[in-house]
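Participant: Given the coordinates of chain A, assemble chain B onto it according to the supplied hints.
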Amino acid sequence: MSTPSVTPDELLTVVTPDERRVPQWVTTAREAWRLGRTKTGVIICVVVVAIAVFGPYAAPYSPTEFVGPPFQMPSATAWLGTDYIGHDVLSRVLCGGRSVIVLSLAATVVGLVLGVTLGLVAGYARRWVDEAIMRLLDVVLAFPALVLALLFVSILGPQLWLIVLMVGISHMPRIARLTRAATLEVVQRDFVRAAEALGVSRSRILRAEVLPNISSPLLVEFGLRLTYSIALIAGLSFLGFGLQPPAADWGLMINENRIGVVVQPWAVVAPVFMIGVLTIATNLMADGYGRALVGIERDTSSA
Amino acid sequence: MLTLFLVSVVVFAATQALPGDAARSILGREAANKAAYEALREKLGLDRPITTQYATWLADVSSGDFGESLAQEGRSVTSLIGNRVLNSAFLVLVAALISIPLSILIGAFTAARRDSKFDVSVNLGNIAFAALPEFVTGIVLVVLFATTVVQWLPAVSRIDSDVPLESQLTLFILPAITLSLAVIPYVSRMLRASTIEVLESEYVTMARLKGLSGGVVLWRHSLPNAIGPTIQVIALNLAWLAGGIVTVEYLFGFPGIGAALIDAVANRDVPVIQAICLLLAAVYVILNLTADILTILINPRLRTGLR
Chain A
-12 MSTPSVTPDE LLTVVTPDER RVPQWVTTAR EAWRLGRTKT GVIICVVVVA
38 IAVFGPYAAP YSPTEFVGPP FQMPSATAWL GTDYIGHDVL SRVLCGGRSV
88 IVLSLAATVV GLVLGVTLGL VAGYARRWVD EAIMRLLDVV LAFPALVLAL
138 LFVSILGPQL WLIVLMVGIS HMPRIARLTR AATLEVVQRD FVRAAEALGV
188 SRSRILRAEV LPNISSPLLV EFGLRLTYSI ALIAGLSFLG FGLQPPAADW
238 GLMINENRIG VVVQPWAVVA PVFMIGVLTI ATNLMADGYG RALVGIERDT
288 SSA
Chain B
22 MLTLFLVSVV VFAATQALPG DAARSILGRE AANKAAYEAL REKLGLDRPI
72 TTQYATWLAD VSSGDFGESL AQEGRSVTSL IGNRVLNSAF LVLVAALISI
122 PLSILIGAFT AARRDSKFDV SVNLGNIAFA ALPEFVTGIV LVVLFATTVV
172 QWLPAVSRID SDVPLESQLT LFILPAITLS LAVIPYVSRM LRASTIEVLE
222 SEYVTMARLK GLSGGVVLWR HSLPNAIGPT IQVIALNLAW LAGGIVTVEY
272 LFGFPGIGAA LIDAVANRDV PVIQAICLLL AAVYVILNLT ADILTILINP
322 RLRTGLR
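As you go down the protein sequences, you meet chains A and B in turn. All residue numbers for the first sequence refer to the working numbering, where the first residue is -12 and numbers rise by one. All residue numbers for the second sequence refer to the working numbering, where the first residue is 22 and numbers rise by one.
With the rest of the complex left out, here is chain A:
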């Protein structure tokens, strides 16, 4: 490698290292990539997402096309057999991932935005605002996530925006608590005091000074929450309150073909496998990143 020429600008950064030049989360991500589990997680995740995104183009049949009698075992025409009304299982598996992934991502982002906002405000405002927000979050926490979603779905019906919103809200308390704790700690530091003294507005301090400093723990939480989102969204579909037939969706497929599991297990096992592998992969990623963050060096084994 050739020695890079150093511009005066870069020289300055060496002398006065600016923490935000290479964001903390990038350094942590590099560290995390060295762990075998992170790599495994990322690779599986990429494969599953690729199947979900490009699957519909590769599907041999339309997911709503009737290709044979119901619950046929795998054959040359239908590689994974047919489902409860004679759709091709393989085509439905290839098409059924988009909804799960898109809805889970959306729900996690909703949870992150709501949680971070509430956490920042609670941690920075303190006193009664803090108290009120934390009380509100206690109430959300008292409901099991799935029950909270079901409570609202029961009256408003299985609408996708509602499901995304409710799953997001169920994530809110833990993300907000995490953000609040980190904010309380960061707010004490000198650079925030300095910014306050300079008369920088509160919302700017929160965005520019506090947020970058808590991005890494939030990223770990995002991975964890994404795992739970997938479980919840697929779970709601499995219970019959998510996507409705004839949509192709992994969770819904399990519900539809459950009664035929004795005759044609593949129609159930295939979507179960996809959901299972995806959740394990996202959790491996979150775990790897979390380990890199707390500085646990590589495991003794290459796992």
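Don't read these hints as lab results, they were simulated from the structure. Hints may contain errors.
Claimed, not checked - Covered stretches of chain B (chain A as the covering partner; in silico rule of three or more C-beta atoms under 8 Å from a C-beta of chain A):
1. 164 to 176
2. 283 to 294
To be verified - Short derived list, chain B residues pointing at chain A, Cβ under 8 Å:
3. 23
4. 35
5. 36
6. 146
7. 148
8. 152
9. 154
10. 157
11. 268
12. 301
13. 302
14. 305
Don't be surprised by glycine CBs; every beta carbon is placed ideally from N, CA and C.
Facilitator: Chain B only, in chain A's frame:
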């Protein structure tokens, strides 16, 4: 208590006060029938002001009266879910009896043999099982042990309410294992962490130097102190179990409150939904409170602090 009160407000608001009038959504298309719509509104008390509705509802609920089921005319909610509450409680109990001792064993062993092959593989297993949705684990268990691979256990848990629950234990095995597999990762991980902390403390080194065997040091001296901080996590997970039963009961056709909730949501049986949601939230609040008290009772330092 405040939390419980607010919980009741949320449950009430979600089911009776939302813009999408409960009477209309219950009747569906029949809402066009003016007379039936008005009658149902009156029955639900929707024609009264919202605060009055809430006050009467709260008074009824706190005296244990959840009203009548809408789906099954004339049956009170209490009689409808009474038996199911018992079934679910028994299921959670069985799951707790499996998962908690097992978690303690796993946590202590992995802590004692830190970074060994066993520790690393348990850790990876924990990551996997913590991630898997309970219905995924459940279906895999069904395919493995009930339908496709071997047929040792029943895939559907049809509980006979005339026979005592203890004599139908086989029906509980698969649902309980499914729930346990979801809980063990969290509890055993926490226990591992707290055991490691205790093992590094000075009194443990002292016990070792005294010549006590590794086993005695681990089980008699370290573990009791390591369990303390885990109680909160155990309580949280028991509370989680109360929510986890929803999908698991549905999957196994288990006649508990989880499956009842699914039925009620499908039939828009509002009083049943209210009752079960309140019950599950109350379980969470009470378990948390119990854990706080237990932590204080177990830790002598906190105990003297109370005096």
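Participant: Indicate, hint by hint, whether the structure satisfies it.
Facilitator: Hints versus structure:
1. 164 to 176: holds (count 4)
2. 283 to 294: With 7 residues close enough to chain A, the hint holds.
3. 23: Hint holds; residue 23(B) Cβ to chain A Cβ min 7 Å, cut 8 Å.
4. 35: Hint on residue 35(B): holds, closest Cβ of chain A at ~5 Å, below 8 Å.
5. 36: Holds, because the Cβ-Cβ distance from residue 36(B) to chain A comes to roughly 6 Å (cut-off 8 Å).
6. 146: Violated. Min distance 10 Å.
7. 148: holds (5 Å)
8. 152: holds (3 Å)
9. 154: Hint on residue 154(B): holds, closest Cβ of chain A at ~4 Å, below 8 Å.
10. 157: holds (5 Å)
11. 268: holds (5 Å)
12. 301: holds (5 Å)
13. 302: Because about 4 Å separates residue 302(B) from the closest Cβ in chain A, which is inside the 8 Å limit, the hint holds.
14. 305: Status holds, d = 5 Å.
Hint check: a violation occurs at hint 6 only; the rest are consistent with the structure.
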